[in-house]
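2 protein chains.
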Amino acid sequence: MLGIAEIGRYIPNVRVSNVEKLAKFELDEDFLKNKLGVLSQSIKDEDEKTSDLCVKAFYDLEQKTEINKEDIECCIVVTQNPDYNIPHTSAIVHGKLALEESCACFDISLGCSGYVYGLSTIIAFMQNNGMKKGLLFTADPYSEIIDHDDKNTDLLFGDAATVTLISTEALYKPVDFSFGTKGKEYQQLLCDKKLYMNGRAVFNFTATVVPKHIQNLMQKNNLSDAQIGRYILHQGSRFIVDTITKRLKIAQEKVPFNMLEYGNTVSSSIPLILAEEMKSEHSYMLLSGYGVGLSWASTILQKVEGK
Amino acid sequence: MLGIAEIGRYIPNVRVSNVEKLAKFELDEDFLKNKLGVLSQSIKDEDEKTSDLCVKAFYDLEQKTEINKEDIECCIVVTQNPDYNIPHTSAIVHGKLALEESCACFDISLGCSGYVYGLSTIIAFMQNNGMKKGLLFTADPYSEIIDHDDKNTDLLFGDAATVTLISTEALYKPVDFSFGTKGKEYQQLLCDKKLYMNGRAVFNFTATVVPKHIQNLMQKNNLSDAQIGRYILHQGSRFIVDTITKRLKIAQEKVPFNMLEYGNTVSSSIPLILAEEMKSEHSYMLLSGYGVGLSWASTILQKVEGK
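If you're matching them up, the sequences are chains A and B in order. Mapping to this note's numbering: the first sequence position 46 is 427, numbers consecutive. Mapping to this note's numbering: the second sequence position 208 is 589, numbers consecutive.
Pulled out of the complex, with its shape left as it was, chain A reads as follows:
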């Protein structure tokens, strides 16, 4: 049974302080802490490419678990800021890591729902092709596309990358997935050279759609709140995480929040938190991502018995 064996992370050390930008945008520190939830943003070096961030996340994975690169049969990168549009970034990562020629590589283009989609895709793809070990990368450096005059986005995003080792020797495995799309509202979050986000529309969509979506998935799988150890929500902002938490009527202690020091890292936000929970004893964890598309996706992870 394929599932998640381990997660490697890379968060650039360089931080840009949001406190210094407060005057420019006529905002206060209370807003930063309690609404936005971002005091500083992690920023990659200008010449660092998405594939470089992925490679650094892989080095972290290698520190945590033994990996024989020859065993890797599949390498998927989730990104909407690829090194180039042609070729796919996964091929470049494949080259940089010197993976085997028989390794399947492709990119998935998705934003904040990308990790959950990616999990479903890589596990299904590997299972149907008889593969035993694969890598799912997330890396979406928004620092490349931010409009620094736009207070809706200039304070929010951080750069990061993660890599999830998918293996038959898993600690957690997904038991069910659920997906959704409001394609007619795609213009609410769009990058035509520079990023544009209608923050209010994206917030309203999330606050309305996501709690119900999560409840439906739990009901479908006959799971109550008492059985879920963690709700790992995409770190869109402090306000959106708090709003979903309240609407679900769940305890805040079960909803990790960790973007304060680096920002919204798009498809990396969920695995950055999940990495800290890999050795935990929760029977179930629920993951939910939402954003660009507009798109949302949730899954329930179950602890593998005996692990």
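Derived from the structure by calculation, the hints contain no laboratory data. Heads up, none of these hints are tricks.
Remember, identical chains collapse to one label, so a pair may be satisfied in a single copy or spanning two.
The calculated EDC-like cross-link candidates involving lysine to aspartate or glutamate, where the alpha carbons are at most 16 Å apart (straight line), are: (1) K575 / E525; (2) K563 / E482; (3) K627 / D606; (4) K565 / D433; (5) K445 / E550; (6) K477 / E566; (7) K565 / E481; (8) K563 / E454; (9) K563 / E451; (10) K565 / E482; (11) K684 / D557; (12) K405 / D535; (13) K563 / E481; (14) K593 / E482; (15) K574 / D528; (16) K532 / E401; (17) K532 / D409; (18) K575 / D528.
Once you've looked at the hints, dock chain B against the given chain A.
Frame of chain A; chain B shown alone:
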């Protein structure tokens, strides 16, 4: 059992003649016909986006088979020339076709191997998520990125789109897939604003790797040439299709060639041909795509009994 039920196509009517470009590049018509295999290129309108091409392919699909849009549970677009990088083009197609909110959407970034990869991905994803009907789009309008001073690419590519209906009521289903990547050679085919292709390197890679790869897949599945009704090879050029045909020692009649009037349509080249074979009586067909990445992928389709 999920497989291919039908294929819709869209090839823009506007053609650019290569004959008129011969003098500029100091080439002759024999080269166009017998080496390149492209007399004219199909070119989309300038303001037509990738999502528009997809929608037009969907209209063709609707002409061929009855589709209830409410039944579509999954929509994947294979492209490396998306409308925007953010959001994914599949979300825009979802909006334009007014698909259901519960429909899962994502893009796959791959070039000429993209259709085969896409088939494996959508079938695996749908199967693991209990879905019964889905759409796999391909659309990669290279007219957006061509360097018109480069004879390696200016004469070669054409715009097109296809959509494959994946359904439990299939005519052909894949029995096995095989994939490969040479990520270290990713720079041989790259787009950094304009397309660059090292034609000789890509040709050498294809001529060396692909025939052996196809033979291995046939051997692994105990299939002889006599059992394969069609070899549908990515239409990279006349010369590459002929070379693979010769190296495989297979009859030219089994290897369709159809790019002469519109060019190399990247991930659409295989489904453009396959669409014509959907009502055929071949027990098996072999598909093989190769190019950007460098990446290659092959599959064997089997006729569904009783269809």
